[in-house]
Amino acid sequence: EDQVTQSPEALRLQEGESSSLNCSYTVSGLRGLFWYRQDPGKGPEFLFTLYSAGEEKEKERLKATLTKKESFLHITAPKPEDSATYLCAGIGGYNKLIFGAGTRLAVHP
Amino acid sequence: DAGITQSPRHKVTETGTPVTLRCHQTENHRYMYWYRQDPGHGLRLIHYSYGVKDTDKGEVSDGYSVSRSKTEDFLLTLESATSSQTSVYFCAISAQEGNQPQHFGDGTRLSIL
Chain A
1014 EDQVTQSPEA LRLQEGESSS LNCSYTVSGL RGLFWYRQDP GKGPEFLFTL
1064 YSAGEEKEKE RLKATLTKKE SFLHITAPKP EDSATYLCAG IGGYNKLIFG
1114 AGTRLAVHP
Chain B
52 DAGITQSPRH KVTETGTPVT LRCHQTENHR YMYWYRQDPG HGLRLIHYSY
102 GVKDTDKGEV SDGYSVSRSK TEDFLLTLES ATSSQTSVYF CAISAQEGNQ
152 PQHFGDGTRL SIL
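Note that the protein sequences, when read in sequence, are chains A and B. For the first sequence, this note's numbering begins at 1014 and goes up steadily by one. For the second sequence, this note's numbering begins at 52 and goes up steadily by one.
The calculated lysine to aspartate or glutamate pairs, modelled on EDC-like cross-linking and capped at a C-alpha distance of 16 Å, are:
#	chain 1	residue 1	chain 2	residue 2
1	A	K1109	B	D107
2	B	K108	B	E148
3	A	K1055	B	D89
4	A	K1076	A	E1030
5	A	K1055	B	D157
6	A	K1109	B	E110
7	B	K121	B	E78
8	B	K121	B	D105
9	B	K62	B	D157
10	A	K1109	B	E148
11	A	K1092	A	D1052
12	B	K104	B	D124
13	A	K1072	A	E1058
Quick list of simulated restraints, FRET-style, between CB atoms:
#	chain 1	residue 1	chain 2	residue 2	range
14	A	G1067	B	T66	44 to 54 Å
15	B	S58	A	N1108	21 to 31 Å
16	B	R81	A	K1072	19 to 29 Å
Calculated directly from the structure, the hints in this document are not laboratory data. For every residue, glycine included, the Cβ atom is placed at its ideal position computed from N, Cα and C.
My request is simple: use the sequences and hints to build the entire structure.
This is the structure in structure tokens:
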């Protein structure tokens, strides 16, 4: 059964304290790994797609990487406005997105 | 932002009543999806559509039906709402199926008492 697991469930950082969020997946025939950001009361906002192991994508303080078993979202020198829930999702041979439960990130000044 | 509007944004209703949620898009995308989001779970697919009048079931389709009579509108109906269907419901759209990102609306918070 296809599955996506995110860790940790929640993460508290001080402003400027870099860290990484983990997304482990077992998705048959992975065709893409997606990262989303979700703010309270809002829908998920698309951040990145990664297609193959070794690929990296960057946007401002965020960098996403992909291996054959997991993906990482690295946050460099975070700011309070980076506080949100980050969702990871994989799509495989059945063309259905499988989501992880998310990591709640809180960045304190 | 992708042009996706969900209505209503909030609804409180009673067990056993029918409920219809609407998703309207202005992007002319072929694919539309309904998800539910519950604490401790990832977003779970309820139903999806791959064209006008073309729909299929997702992972958690029991108790839900959908209809798509126009490209821009995708309706989710709970025929007889139950308390287990209390959730936040999200609509998503994509131009292609597969490895293209889906874009989401801001959700409908549904409470069934």
